[in-house]
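J.: The residues making up each chain are set out below.
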Amino acid sequence: MKAAEFDYVKAKSLDEICLFLSQQAGEARIIAGGQTLVPLMAMRMARPNTLIDINDVEELKGIEITKKSVIIKACTRQSEVLESVDVRRSLPILSDALSHVGHTQTRNRGTVGGSLVNADPSAEISLIARLLDAEMTVHSVRGERVIKAANFFSSAMITNLDADECLTQVCFPIWSSVRTGFGFHETSIRASDYALASAAAQLSLDSSGQCRSISIVIGGATEIPTRISETEEQLMGSDLSDTEIKTAMEKIPEMLEPQADVHADADYRRRVACVLVGRALKDARERAKGSLV
Amino acid sequence: MSCHKVSLTVNGAKYAENAEARMTLVDFLRDVLDLTGTHVGCEHGVCGACSVIFDGKPIRSCLIYAVMADGHDVITVEGLEEDDGSLSPLQDAFWENHAMQCGYCTPGMLIATHQLLQENPSPSESEIRDAIGGNLCRCTGYQQIVEAVQMAAKKIKDNCV
Ligand SMILES: Cc1cc2nc3c(=O)[nH]c(=O)nc-3n(C[C@H](O)[C@H](O)[C@H](O)COP(=O)(O)OP(=O)(O)OC[C@H]3O[C@@H](n4cnc5c(N)ncnc54)[C@H](O)[C@@H]3O)c2cc1C
Ligand code: FES
Ligand code: FES
Numbered sequence: 001m002k003a004a005e006f007d008y009v010k011a012k013s014l015d016e017i018c019l020f021l022s023q024q025a026g027e028a029r030i031i032a033g034g035q036t037l038v039p040l041m042a043m044r045m046a047r048p049n050t051l052i053d054i055n056d057v058e059e060l061k062g063i064e065i066t067k068k069s070v071i072i073k074a075c076t077r078q079s080e081v082l083e084s085v086d087v088r089r090s091l092p093i094l095s096d097a098l099s100h101v102g103h104t105q106t107r108n109r110g111t112v113g114g115s116l117v118n119a120d121p122s123a124e125i126s127l128i129a130r131l132l133d134a135e136m137t138v139h140s141v142r143g144e145r146v147i148k149a150a151n152f153f154s155s156a157m158i159t160n161l162d163a164d165e166c167l168t169q170v171c172f173p174i175w176s177s178v179r180t181g182f183g184f185h186e187t188s189i190r191a192s193d194y195a196l197a198s199a200a201a202q203l204s205l206d207s208s209g210q211c212r213s214i215s216i217v218i219g220g221a222t223e224i225p226t227r228i229s230e231t232e233e234q235l236m237g238s239d240l241s242d243t244e245i246k247t248a249m250e251k252i253p254e255m256l257e258p259q260a261d262v263h264a265d266a267d268y269r270r271r272v273a274c275v276l277v278g279r280a281l282k283d284a285r286e287r288a289k290g291s292l293v
Numbered sequence: 001m002s003c004h005k006v007s008l009t010v011n012g013a014k015y016a017e018n019a020e021a022r023m024t025l026v027d028f029l030r031d032v033l034d035l036t037g038t039h040v041g042c043e044h045g046v047c048g049a050c051s052v053i054f055d056g057k058p059i060r061s062c063l064i065y066a067v068m069a070d071g072h073d074v075i076t077v078e079g080l081e082e083d084d085g086s087l088s089p090l091q092d093a094f095w096e097n098h099a100m101q102c103g104y105c106t107p108g109m110l111i112a113t114h115q116l117l118q119e120n121p122s123p124s125e126s127e128i129r130d131a132i133g134g135n136l137c138r139c140t141g142y143q144q145i146v147e148a149v150q151m152a153a154k155k156i157k158d159n160c161v
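Residue numbers (our numbering), protein chains in the order written: chain A, 1 to 293; chain B, 1 to 161.
Read the hints as simulated data drawn from the structure, not as lab findings. Just so you know, not all the hints are guaranteed correct.
With a straight-line cut-off of 30 Å between C-alpha atoms, the simulated DSBU-like cross-links for lysine-lysine are [to be verified]:
#1 B:K57 to A:K61
#2 B:K5 to A:K2
#3 B:K57 to B:K157
#4 A:K148 to A:K61
#5 B:K5 to A:K12
#6 B:K57 to A:K12
#7 A:K2 to B:K157
#8 B:K57 to A:K2
#9 A:K61 to B:K14
#10 B:K157 to A:K10
#11 A:K148 to A:K2
#12 B:K14 to A:K10
#13 B:K5 to A:K61
#14 A:K251 to A:K282
#15 A:K282 to A:K67
#16 A:K10 to B:K5
#17 A:K12 to B:K14
Please construct the entire structure, taking both the sequences and the accompanying hints into account.
T.: Written out as structure tokens, the structure is:
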């Protein structure tokens with residue numbers, strides 16, 4: 001199908017985006033990569049009066065890496081981040097996760113910010129944002145605010161962004177401990193399709209091999225990326241042996257209420273999510289020990 | 001509704017035409033510029049038939065409005081032929097290997113694999129399958145397409161030495 005009629009404006013600066021949004025809050029929509037919005041408009045599930053094209057706004061593009069964080073401007077293409085050698089060195093879990101976001105052709109247009117605001121339950125970038133409790137910076141004519149990932153996603157395809165706000169960047173913290181490891185796993189119908197379920201874990205060990213910090217998150221099988229804090233708490237201070245991991249994961253199935261669709265029923269998603277958490281935790285442990293690269 | 005002047009380069013030639021904001025790039029290429037080599041299948045980003053090279057990278061032309069391509073550079077399947085108008089080694093290999101039946105997916109497959117060979121002249125089978133992972137073919141079962149790309153890679157390499 002074809003999109004309904006709309007007006008189109010090309011923004012030249014962040015100030016201009018904010019001004020357009022404030023003048024037409026609720027009626028106008030930002031278009032970044034268009035990889036989700038254009039299909040939604042073709043199916044008439046979205047019908048904005050005006051599209052504000054942010055693709056020419058240079059201040060919304062680029063990657064900045066410091067010792068403490070990887071900052072990605074909202075309108076940076078997913079392929080640019082995936083190809084960045086510096087990102088792979090500083091935050092390999094993000095590169096790993098990005099290789100599962102759609103296909104080369106959608107990553108060449110799709111942006112990091114667009115994926116976060118779209119808040120698809122299966123989105124890999126959102127999963128990593130929640131895992132590391134990334135900080136989202138948003139702008140409007142009213143000013144700037146920073147939203148932690150824990151408060152950014154509200155339900156499937158919905159964020160806590162106001163209609164007049166533009167996401168400008170996301171800041172992923174880097175864990176300082178050298179004995180830090182990550183794991184990421186997902187299951188989908190075809191390679192690079194949306195995940196039926198996904199899991200990511202990051203942990204660090206002290207010199208005696210005990211778990212000193214840990215974060216575990218599930219996606220796809222939940223409305224929004226969800227931290228599994230009970231399991232995290234149980235594993236804190238442990239040696240992360242296979243048995244300890246298995247015991248700590250026992251409660252996960254009852255915590256999940258996955259949606260069912262033509263691709264998979266709720267039970268399948270629940271079971272797969274648990275298996276994926278186990279794999280992610282074991283990979284993270286081995287990487288932290290230096291026995292897996 | 002807004003109407004816009006779209007000036008862009010397609011296969012090296014400059015064009016400037018008007019387009020309604022809601023016109024996708026693939027409709028602009030086919031219906032306004034009469035470049036019907038690029039196919040349109042699903043119109044929502046899942047089949048890959050509409051793939052074109054945009055500023056040097058493959059994208060789906062049904063997922064970008066023509067007005068957003070203003071000032072940019074596009075290469076379509078028509079732009080893959082040799083300077084004398086003959087088939088490129090890749091196109092020829094598709095022909096030799098029966099890498100198409102109905103041909104609906106072919107322009108997208110050619111764009112995806114052309115780009116692959118530009119970036120990686122000797123791809124493995126799994127790299128080829130990964131490159132066409134976003135392109136659906138309902139006829140061939142993909143095997144002949146993979147073989148065509150392998151033959152093209154070999155031909156291009158043999159011609160270079
Ligand atoms: C075939 C296919 C497969 C895909 N597979 C996956 C997958 O496996 N995993 C995955 O995560 N995604 C997948 N996607 C979606 C893809 O990653 C999109 O790129 C992403 O969801 C949206 O990013 P975008 O830049 O294209 O945003 P757009 O489509 O332009 O916008 C999406 C939404 O975000 C809003 N928005 C965009 N930027 C901003 C901003 N800076 N501030 C405020 N609002 C903003 C828009 O108004 C819109 O509501 C797939 C898409 C396709 C077509
Ligand atoms: S027509 Fe564009 S992806 Fe199917
Ligand atoms: S040849 Fe018919 S869809 Fe590929």
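J.: Verify the proposed pairing of K57 (chain B) with K12 (chain A), using a straight-line Cα cut of 30 Å.
T.: Holds, at about 23 Å.
J.: Does K282 (chain A) pair with K67 (chain A) here, judged by a C-alpha cut-off of 30 Å?
T.: holds, 26 Å
J.: Holds or violated: K148 (chain A) and K61 (chain A), Cα atoms, limit 30 Å.
T.: holds, 21 Å
J.: Is K2 (chain A) within 30 Å of K157 (chain B), Cα to Cα?
T.: violated, 43 Å
J.: Are the Cα positions of K157 (chain B) and K10 (chain A) separated by 30 Å at most?
T.: violated, 44 Å
J.: Holds or violated: K61 (chain A) and K14 (chain B), Cα atoms, limit 30 Å.
T.: holds, 28 Å
J.: Keeping to a limit of 30 Å between CA atoms, is the pair of K57 (chain B) and K157 (chain B) held or broken?
T.: holds, 22 Å
J.: Decide if the proposed pair is consistent with the structure: K251 (chain A) and K282 (chain A), CA atoms, cutoff 30 Å inclusive.
T.: holds, 18 Å
J.: Does K12 (chain A) pair with K14 (chain B) here, judged by a C-alpha cut-off of 30 Å?
T.: holds, 24 Å
J.: Taken at face value, is the distance from the CA of K12 (chain A) to the CA of K5 (chain B) at most 30 Å?
T.: Holds, at roughly 18 Å.
J.: Straight-line Cα separation of K148 (chain A) and K2 (chain A) no greater than 30 Å?
T.: Not OK: K148 (chain A) and K2 (chain A) at ~37 Å, beyond 30 Å, violated.
J.: CA of K10 (chain A) to CA of K5 (chain B), is that 30 Å or under?
T.: It holds: about 13 Å lies between the C-alpha atoms, which stays within 30 Å.
Hint compliance for this structure: hints 7, 10, 11 are not met, and every other hint is.
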